[in-house]
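Novice: Sequences listed follow chains A and B, in order. Sequential numbering of the first sequence, starting at 1, is according to the working numbering. Sequential numbering of the second sequence, starting at 1, is according to the working numbering.
Accuracy of the hints is not assured; some may be wrong.
[What the hints assert, rightly or not] Partial selection, computed: residues in chain A whose CB lies under 7 Å from chain B:
#, residue
1, D139
2, F284
3, I327
4, I403
5, D432
6, K453
If you're looking for bench data, these hints aren't it; they were derived computationally from the structure. The structure displayed is predicted, hence computed values, not measured ones. Heads up, the beta-carbon is just placed ideally off N, CA and C, and yes, glycines get one too.
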Amino acid sequence: MTNHWRDIQHADLILVNGANPAEAHPVGFRWMMRAKTERGAKMVHADPRFTRTSAVADMHVRIRTGTDVAYFGGLINYVLSNELFHREYVEWATNAGFVVSPDYQFDDGLFNGFDEATGTYDTTAWAYETEAGGHAKVDIDHPRSVLNLLRQHYSRYTPEMVERITGIPQDQFLEVAQMVGEMGRPDKVMTIVYAVGLTHHTTGVQLIRSGAILQLLLGNMGRPGGGMNAERGHANIQGNTDHAISWEILPGYLRIPAPGQRDLTDYVDESASPKLSGLAENFFGENYRKFMVSLLKTWYGDAATADNEFAFAYVPKPAENSSWISIYDQALRGRMEGVMLSGMTATSIGPDSNQVLQALSNLKWLCVMDAFATTSSEFWRAPGMNPADIQTEVFMLPATHWIEKDGSFVNSGRWSQWKDQVIPPEGQSMHDHWMMAELFLRVRELYEQQGGKYPDPIRDLTLDYADPRKPLLDELAQEINGRNLTTGERMESFADLLDDGTTTAGDWIYTGSYPESGNQMKRRDGVQDPEANDPTGMGFYHNWAWSWPANRRVLYNRASADPQGRAWDPERPGIVWDASQRLWVGDVPDYPEDVPPGPEAPLPFIMTGEGTGRIFSNSVADGPFPEHYEPIESPIDNPLHPALSTTPAAFLYDEQAGRPNRFGTPDEFPYVATSYRLTEHEHYVTQHVEQLVQLQPEAFVEVPAALADEKGIANGDRVRVSSKRGKLEVRAVVTKRLGALQIDGQTVYQIGIPIHWGFVGINSGQHWLANALTPFVGDASARTPEFKAFLVNIEKM
Amino acid sequence: MTRRHFLGVGAAGTGVVGASVLGFDLAHASEVKQTLRIDGATVSRSVCPYCAVGCSLLAYTKEQDDGHVELLQLEGDPDSPVNEGTLCPKGASSLELAISRRRVPSPMYREPGAEEWQEVSWDFALDQLARRIKESRDRTFVGQDADGNVVNRCEGIAFAGGAAFSSEEGYFATKLMRGLGLVHLEQQARV
């Protein structure tokens with residue numbers, strides 16, 4: 001989230017897209033309800049299904065899954081056409097005035113720079129026109145200004161087109177647009193709350209970006225009650241994204257180096273954002289080298305020196321995308337030998353679970369670190385598998401529970417909350433980090449004894465803990481924070497990190513979480529005393545735990561005040577300039593704290609090379625502006641450009657590997673399916689919890705009542721739901737919560753598929769895997785699978 | 001009807017009413033001292049292990065006579081600015097997760113082609129796995145690619161997971177796996 005859970009109470013309007021917070025984040029949802037009950041906020045829930053969120057929303061719009069670019073694009077068009085955007089904010093805080101290079105083209109669904117041979121765009125083709133010094137030319141009235149190109153691009157997203165694509169009737173859409181159109185006023189603020197309903201598509205990144213662009217136009221980014229609020233799924237998915245358990249990054253969102261980068265200079269040149277405006281702080285770009293060197297010094301200690309580029313050569317440089325689906329794709333190609341899974345089950349997550357089962361069967365070895373059996377640890381005896389044919393060695397290592405160790409969890413709002421070790425480890429269970437330490441040290445010992453391929457990084461990796469085989473999470477938290485090697489003291493701020501090898505930081509965005517004064521993540525000054533702990537009344541609670549970066553609660557908060565430093569809305573200030581103290585006050589400023597406002601002051605978005613929010617952006621792989629594309633499996637051709645229906649940059653793993661694509665067509669699979677989650681289950685682990693299994697015992701699919709009528713399916717009947725890749729044989733829940741949509745003249749039904757069951761759990765008869773149905777494809781930028789929009793057929797059994 | 005009216009307790013009543021109102025005598029009951037299970041328990045702070053709202057928990061434990069520490073209760077922390085003491089069904093039942101008897105009791109190993117697990121020792125499991133890691137790394141390590149670039153990557157081993165363990169463990173996983181040269185490093189964020 002750019003903001004945080006409690007902050008949502010400040011919104012005047014809440015758009016909920018690709019999310020069902022009343023059911024999936026019930027306690028977080030209280031803050032949306034608080035906005036409604038305390039300030040009369042309105043909530044619009046756009047969802048294929050009518051859910052408990054819809055029931056308390058002011059409007060539910062039934063939207064076809066995966067079409068939110070058309071929805072937000074229609075809203076962008078409405079706001080621009082009616083001149084309802086926050087003009088002063090847009091001109092100052094966004095790149096609306098930047099002029100785009102004349103090479104930029106968009107025709108019939110294709111942007112310039114596409115290479116047919118590789119199926120990828122050259123994103124450098126989406127550039128600004130520059131002036132001397134390499135800075136972007138700025139002229140908001142230029143025909144190629146970002147604002148004018150934006151108007152052109154979204155002029156096609158009329159209410160009529162929105163209806164054709166999304167199924168939302170024009171009059172309903174215009175009702176939403178009217179509410180949204182008021183949010184460009186400085187004294188109004190809107191937030192967008194979203195979850196995997198936006199991410200789980202081959203256009204996932206652009207679905208999200210279309211909402212973010214709307215928010216920039218309305219002046220909502222950086223403001224309390226505003227922002228883009230991603231509701232993340234798991235207890236510490238945020239923390240471990242920050243710590244870079246992701247193929248393309250290093251901790252703190254540094255890029256993983258690429259082949260061909262010989263040294264740190266090459267690396268920084270190719271990774272750090274360039275300064276594109278005279279008034280841009282470009283904080284990330286300017287400090288990139290300091291963060292990278294501090295990280296390398298943390299990892300390689302004395303072996304990282306100025307003479308050897310701080311051991312830059314030790315960092316592995318991937319040849320190609322090495323993300324989640326790639327792991328199983330490589331296994332199918334016989335190139336992946338072993339996989340370690342920690343608290344994550346590949347089989348159930350898929351996509352294309354049957355293909356994942358084959359992939360696991362191709363491995364030489366599999367290691368599962370988990371407290372419970374999973375559909376991965378047990379894959380070799382899954383229904384339909386013949387163990388005698390499966391040569392994979394499997395190691396099951398029993399892990400401790402969250403409550404048997406301390407350490408921090410980071411919630412969606414970036415709040416890092418330290419937890420106590422409440423009980424000691426049960427039986428023979430071992431902490432994941434002790435397992436990994438043991439494995440690493442044993443591997444190091446084997447290299448010392450036997451020699452082998454390039455053991456240097458393994459030999460030199462620092463393990464400076466009291467007991468390297470059993471590091472304490474407290475020691476790791478200090479390492480993450482970083483130290484000044486000259487003084488020996490822990491760092492107070494990432495602003496003090498250097499690139500000369502005298503500072504360390506395991507993750508620069510967490511620098512300041514554990515300074516000399518102690519572990520800030522342990523603090524608990526909360527609602528027991530709101531007057532003392534929340535003096536501004538804005539819900540910051542700065543002394544409850546610690547948020548990254550620097551304990552800031554709302555990101556980009558310089559944009560919560562105007563160019564003169566006055567709050568856009570004095571009732572809901574983020575930061576304001578206090579002339580008497582000569583400081584920015586309120587939240588922790590996302591800006592140099594003592595730099596006054598003025599015409600020569602740095603622009604508000606200090607992390608970007610532009611200094612502004614990016615309406616036009618070349619940081620994404622499939623287009624500088626979001627465009628509506630159909631899901632890979634779709635019932636219709638794209639009304640905007642039928643000849644190029646799906647995004648040309650989506651990655652089709654089977655085709656790329658020389659395997660046939662297995663995509664269904666509407667004649668065989670006439671219905672659109674979308675997967676989702678229930679309140680009572682958390683992915684697959686809760687199949688081991690009796691109380692929750694009792695509440696939601698059995699797998700089912702949700703079938704629109706009208707479709708059930710057509711097919712003679714009664715509530716409770718067993719049905720077969722099949723895609724080109726697999727099937728489920730489960731009970732039907734017939735409901736009016738799902739209905740028909742009119743899509744470009746056709747009636748389209750959407751079927752709902754909760755994900756939670758599989759062949760491991762208390763209710764052992766529920767062995768069907770929802771992800772047996774989903775396609776083996778990924779989004780262009782993120783390679784996130786298209787879990788939420790695919791074609792199925794359904795029949796009564 | 002209010003509770004007070006139902007009990008027929010007047011303004012002077014403090015809770016102990018005579019038999020004539022209820023049909024039995026509460027006075028005796030009030031003599032039986034009610035002890036809360038969690039009286040005298042140690043209170044610790046935790047965070048819910050399920051979704052990313054990050055509800056804070058209070059955990060109550062008591063050491064038993066045999067030295068075993070029993071987890072008695074998990075409930076929402078009323079001080080939290082996020083959940084203000086409330087929990088959803090998953091968090092509210094997290095005690096069952098914490099003390100579940102369905103946990104895997106010891107390390108286990110499955111041989112190629114086998115139909116059953118074998119229980120093994122930690123030393124065996126870690127020793128064998130370390131050997132597999134080294135062998136796979138030696139077989140799939142690429143020092144220089146076809147263009148002569150120094151890449152130092154291990155292509156044949158992947159690590160995935162982390163959304164359910166702490167940031168400190170996750171950072172450690174990143175550090176060690178990159179130290180081994182892994183490029184396939186992923187967690188639930190992408191899926």
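Novice: Taking the hints in turn, state whether each one holds.
Specialist: Right, here's what the structure says about each hint:
Using the Cβ-Cβ criterion of 7 Å, the hint placing D139/A at the interface with chain B is not satisfied: the shortest such distance is roughly 39 Å. Interface hint at F284/A: violated, since its Cβ lies 19 Å from the closest Cβ of chain B, which is beyond the 7 Å cut-off. A hinted interface residue such as I327/A counts as satisfied when its beta carbon comes closer than 7 Å to some beta carbon of chain B; here the least separation is about 4 Å, so the hint holds. Against a cut-off of 7 Å between C-beta atoms, the interface hint on I403/A holds, since the closest Cβ of chain B lies about 5 Å away.
Nearest Cβ of chain B to the Cβ of D432/A: about 5 Å, under the 7 Å cut. The hint holds. Nearest Cβ of chain B to the Cβ of K453/A: about 4 Å, under the 7 Å cut. The hint holds.
The structure fails to meet hints 1 and 2 from the earlier list, while all remaining hints are met.
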